[in-house]
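Starting from the structure of chain P, add chain E where the hints point.
Here is what each chain is made of, one letter per residue.
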Amino acid sequence: MNPADAVELEQMRRQLQIFADDLRHIVGEERHRRHESEVAFRELQQAYQDMVRTLAVSAEMKDTYTSGHLDRTYQFALALTRRVAPELTAEPTLGYGYLLHDVGKILIPDSILNKPGPLDDDEWEIMASHPLRGFELVKPLRLLGDAAMVIRSHHERWDGRGYPDGLKGEEIYLPARIFTVCDTFDAMTTDRPYRKGQSIDDALHEIDRHAGTQFDPEIAREFLALCEERRPSSTEELAFVR
Amino acid sequence: MADARRVLIVDDDPLILNIVHTVLDLEDFSVSTAEDGETALAAIEREPPDVMVLDVMMPGMDGFEVCAAIRASEAHSTLPIVLLTARDTPEDRQAGMDAGADAYLSKPFSPLELIEVIEKLLSGTA
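Which chain is which? The protein sequence lines are P and E, in order. Residues in the first sequence are numbered from 289 upward in steps of one, following the numbering used here. Residues in the second sequence are numbered from 7 upward in steps of one, following the numbering used here.
Hints listed in this document are in silico derivations from the structure and should not be mistaken for laboratory results. Worth double-checking, as some hints may not be accurate.
Residues from chain P that face chain E, not an exhaustive set, calculated with beta carbons under 7 Å [as the list claims (entries may be wrong)]:
(1) I306
(2) F307
(3) R312
(4) H493
(5) E494
None of these values were measured; they are calculated from a predicted model. Note that beta-carbon positions come from the ideal geometry of N, C-alpha and C, so glycine has one too.
One chain only, chain P, in its complex shape:
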């Protein structure tokens, strides 16, 4: 190698060394920035979930006998969704829809919500407006997206005799079909002031009996299979199946 080439090579080497130092510095800063934005993202997501939960709980608290219903149905529905359509659980959004399913009850008068006896026709009509009212209420929460349809459609029936839209079969948003099984099961097995809850076996039998009329038969079957697998001894245990 002639001396001029050697000098140029040495200069190039020194230049590359400085580039490498700069690169290490830049990578360090970027890693720090990435870490900070991940922390901020998690905090934001947690804050959103806290807000959703607070909103959902405030609806639940109006309904005196449903203590624990919210978390149980939420966990049930997520477990069943992971089984039926796992891709839907990739984002927490659907879970928000499940948590908020009864948010419309905020707008139902306590006198109707907690009436000890049966509701008259007018009262029933007001009560049955909670899915639509809830749906309207959460409309501004853009992050919910399609999950808002859980709120609207969780009282639809597979045979088309549900409310508010009278949708039928697969017209009903899939997660709403999933949720309604879990919601009904929990309602059946929960003690009410005027009646004791059914046993789990009786409730499972009811779910089976209404597969194809009230419930999507395939989802009802998956629900029964899920319960069979977990062999729960109480609703409480079933609530925390994963």
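What follows is chain E alone, placed relative to chain P:
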């Protein structure tokens, strides 16, 4: 975001152009490059940058000549210019300042230091 600040980098070594381009991208500069003085002068006419980084030792017009040509022009006489040179002697420095450069970095140089110099020039604190 405000309009990106435009930087024109002129160097006959594509390696230098590539790396400086990348680092400036990271800082949200809008970067264009030229590999010789004539191309650089044409680029300035087409799309005037906010600041220019100019290598001294290039085939054809060298950096001093390009710098002097810009200072002598009507439209771009106040364009901030950073000179890059392989030699770091007081004479070089003087030649650069005589040609009208605003700042001067000797090679090998640090792209991060170059960014600091550019930021200073653009904020008018140099």
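Consistency of the hints with the structure:
| no. | hint | verdict |
| --- | --- | --- |
| 1 | I306 | holds, 5 Å |
| 2 | F307 | holds, 6 Å |
| 3 | R312 | violated, 11 Å |
| 4 | H493 | violated, 62 Å |
| 5 | E494 | violated, 59 Å |
Comparing the model with each numbered hint stated earlier shows that hints 3, 4, 5 do not hold.
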